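Position chain X against the provided structure of chain F, taking the given hints into account.
2 protein chains.
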Amino acid sequence: MKKLDKITPQNQDFAKWYVDVVKNGNLIDYGLVKGTIMFKPNGYGIWENIQSILDNIFKKNGVSNVYLPMLIPQSQFAKEKNHIQGFNPELATITKVGNKPLYEDIYIRPTSEVIFAELFKRDIDKNNELPLIFNQWTNVIRWEKTTTPFLRNSEFLWQEGHTVHADPLEARKLTRKMLFIYEKFLKDYLAIPSIAGKKTPREKFAGACSTYTIEVMTKNGRALQCATSHYLAQNFSKPYDIKFKNKENQFEYVYQTSWGTSTRLIGAIIMNHGDDRGIVIPPYVAKNQIDILTIFGNKNPQVIQKAKQLYNQLSSKFRVRLDDSDKQPGFKSSQSEIEGTPIRIEIGPKDLENETITVVRRDTLEKSIVNFNEINATFFNKLMEKINKNLYNKAAERLNKKFVCVNTYNEFKEKIAQGYFVSAPFDGDEIIEEQIQNETGASARCVKIKQKIHNLKPCIITGNYTKKRVIFAKSY
Amino acid sequence: MKKLDKITPQNQDFAKWYVDVVKNGNLIDYGLVKGTIMFKPNGYGIWENIQSILDNIFKKNGVSNVYLPMLIPQSQFAKEKNHIQGFNPELATITKVGNKPLYEDIYIRPTSEVIFAELFKRDIDKNNELPLIFNQWTNVIRWEKTTTPFLRNSEFLWQEGHTVHADPLEARKLTRKMLFIYEKFLKDYLAIPSIAGKKTPREKFAGACSTYTIEVMTKNGRALQCATSHYLAQNFSKPYDIKFKNKENQFEYVYQTSWGTSTRLIGAIIMNHGDDRGIVIPPYVAKNQIDILTIFGNKNPQVIQKAKQLYNQLSSKFRVRLDDSDKQPGFKSSQSEIEGTPIRIEIGPKDLENETITVVRRDTLEKSIVNFNEINATFFNKLMEKINKNLYNKAAERLNKKFVCVNTYNEFKEKIAQGYFVSAPFDGDEIIEEQIQNETGASARCVKIKQKIHNLKPCIITGNYTKKRVIFAKSY
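These protein sequence lines map, in sequence, to chains F and X.
Oh and the first sequence: position 217 is 217 in the numbering used here, straight run, nothing missing.
Oh and the second sequence: position 440 is 440 in the numbering used here, straight run, nothing missing.
With the rest of the complex left out, here is chain F:
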């Protein structure tokens, strides 16, 4: 049980707990350049599963994958003024090759709007065929001052979708459609409830007309932005001169969107489901869905044999790991727990005698004895469905409990200090938002999309009557 001792309890210090479980769960190690991480098999495996499920969903929705260069000449990047202003302090810049200086500085992509602009321009000039609905899975670099594994890293992995349309309404619709794809994906596959909303102007993407977001609540009551979808309008098509011929045979600038999610989702999983024993990975994205552990197998070759037979039976349907080593049973099971494997099977001499196995759920730690003849794909499929549902329900209950509507700034401050998501009538501008953040630490997360229509209430700061309610929270 040595490993378990290393984990700081969540209640004692959540930030320290997080780093403890990430490292002990064998997800990552730190890179050699500050703020970078090495994804080890346990961590990268989660991303591979996220990628494969989400990619499949995208393709069913008409998305084609491309891959564009990560190198962007300074002059190309500088054409959209808000965009370069927003990203400039974080841009890793190549100035030489070997010992030879370059003619022009080259940036590593922090996002690829400006290079997609070039592809779109050439394609549309040639074919005039719209819409184009592209996506790429890549690494990007944003040089961050303070970093946390998965949540904020200098280099991270993500997908970025980019689309062009002849019709602004079609583009706006797609922006929201992608947002709801993310929301459903988080629910169905990561067991994470979220709030789909629109960002305030202060919080929107540098260069966007409007930004939509998926906000998640971590176990310590903070907001984590997990995916965004931007309606870019003609903000990029004008400076980058992307025009199509419309039905009236006139040239018109195209309408664009972009949308993305990243390895931050792994952080969201850990901060939603993890406990004091380690991380808890939802079954559909876990690198190992089932761990088979032998108990005192070294004294009983029949135990090893049965474990191997089980492994062969299950591994054609599920991602299974077999640990038939001589390590202590307690060590093996705590290793499985700390790594968050959703289901573990223990099999020892006693089980063999009774023709049973012990099945342990990681989410509830509930043990059950299962007869050999009950072991089949249906059993484990049902169990995984149960686990996913339970994880979701627990997280949704927490989000519900920690979500509150207030009508005064005093209440607002009190609830923010207690770690709530606070919904408040608000019509303030960017400067007022900044004041609130300075005073309370909370930022405007979003205006919820699907909500009942609110009555006119006075804004908690300006006092002007407004129907708009903005959700505020402390965030990562």
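Please note that a few of the clues may not be correct.
One copy or two, either will do: identical chains are not told apart, so a pair holds if it fits within one copy or between any two.
[Said to hold, decoys possible] Heads up, simulated EDC-like pairs for lysine to aspartate or glutamate below, C-alpha to C-alpha not over 20 Å straight-line:
(1) K245 - D326
(2) K177 - D13
(3) K60 - E48
(4) K184 - D29
(5) K145 - D105
(6) K308 - D323
(7) K23 - D123
(8) K79 - E104
(9) K204 - E144
(10) K59 - E48
(11) K452 - E183
(12) K245 - E366
(13) K59 - D429
(14) K145 - E104
(15) K247 - E434
(16) K177 - E397
(17) K6 - D123
(18) K121 - D241
(19) K81 - D20
No wet-lab data here; the hints were simulated from the structure.
Just so you know, these numbers come straight off a predicted model, no measurement behind them.
Just chain X, lined up with the frame of chain F:
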């Protein structure tokens, strides 16, 4: 047929033909930084399929995926002297972020031996568990002076496997096992015959003890190195201090391998199978395996309906594209040919009358009339198998015809000038190899692994008797 006119015939100018078909086939467009390319859906789709098949094979062979940072501090890179010397002129170097200079220059990975070294060191120090068999799918940067799409680009996509072992023999075995995995993959899925061999010391990887290679012959008789597998011995473990505790409880440096293949494979496909009508993609990796084209569908809604029904029937089993637009039938079929789709189905009013479709093979351009009731998955599976076999056989025949054994330098020069792969008795050193290359343009490609034992013959240059035969060719 407008598009077809743009393709330069292979016999006239192979290099120009290549660029013509790559661009007309909608595979790529050029990036904004010299030597980079944008992978469009048709080009990236091939890489996605290569990746998914090869990744599956790797996983069945015990390989786990990881992802390591692309940023490598200068000081870490410089520890292995041959490695830094070999790569230095091609290293893209980050010297500042925004406007702030960095404390130390940072390289973008041209390959990741030195960052894997760090991961391995920490892992083994902690667990002393060997072997570790890791792989990553990434982008890398090597700043090349002259570039050709897919064959040589400043940024390219690849996979790089990295392993550590306690036993040098086990490491050597794995080096060769991976080589044969590549050889078989090229044959089974890309329909490309190849020569598996060992590089001469002059041609081996900067930092390797020995390098194995998969050499492919293009239609113009040049060699293309398509995959490599390196036995690194302790060349990295010593400068990077990667030690394990052996059975005698002594610290010992680990033994390592690395192996990789890249988007160059797409170039190999085009240069092996393409013809004057465009590219020809082997069915198992084609983005679209079947194109369904309506012929004069706009005059006959039943044609459209039947085409859609076919699309629905086939797209659950195959990657199918439906073009039911009003474009000219000739334009649609030449578009399908130029993009290299292995099978195309044409359906028009006459077909409908006869309850048939027209099936056209891209490799032979052979047309056949197929009854509605003969259309099923088995039919197309068999056809794809046939196409793959035919493409392989044609390429293998060419490789055979253009492969010659010589015994004198005069014969050697003659055959090299005629575009042959030339096998010659050779025991010369790196300086002699360089002389040969200066005089004939040919470089030593490899010493074939699986070959009959040769008689002692005098080396074509030194005259010393040797059993070793080295294959030379002009190469990309």
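Hint by hint, here is what the structure shows:
1. K245 - D326: between (71 Å within a copy, 19 Å between copies)
2. K177 - D13: neither (38 Å within a copy, 48 Å between copies)
3. K60 - E48: both (18 Å within a copy, 16 Å between copies)
4. K184 - D29: neither (31 Å within a copy, 35 Å between copies)
5. K145 - D105: between (22 Å within a copy, 18 Å between copies)
6. K308 - D323: Answer is within: at 10 Å inside a copy they meet the 20 Å cutoff, but 50 Å across does not.
7. K23 - D123: For K23 and D123, only the inter-copy Cα distance (12 Å) is at most 20 Å; the intra-copy one is 45 Å.
8. K79 - E104: within (15 Å within a copy, 30 Å between copies)
9. K204 - E144: Result: close within a single copy only, 18 Å intra versus 39 Å inter.
10. K59 - E48: both (16 Å within a copy, 13 Å between copies)
11. K452 - E183: within (19 Å within a copy, 62 Å between copies)
12. K245 - E366: Result: close neither inside a copy nor across copies, 63 Å intra and 39 Å inter.
13. K59 - D429: neither (39 Å within a copy, 53 Å between copies)
14. K145 - E104: between (26 Å within a copy, 17 Å between copies)
15. K247 - E434: neither (45 Å within a copy, 63 Å between copies)
16. K177 - E397: Answer is neither; intra-copy 26 Å and inter-copy 52 Å both fail.
17. K6 - D123: Result: close only across copies, 18 Å inter versus 55 Å intra.
18. K121 - D241: Answer is within: at 7 Å inside a copy they meet the 20 Å cutoff, but 51 Å across does not.
19. K81 - D20: The answer is neither: 41 Å in one copy and 37 Å across copies each exceed 20 Å.
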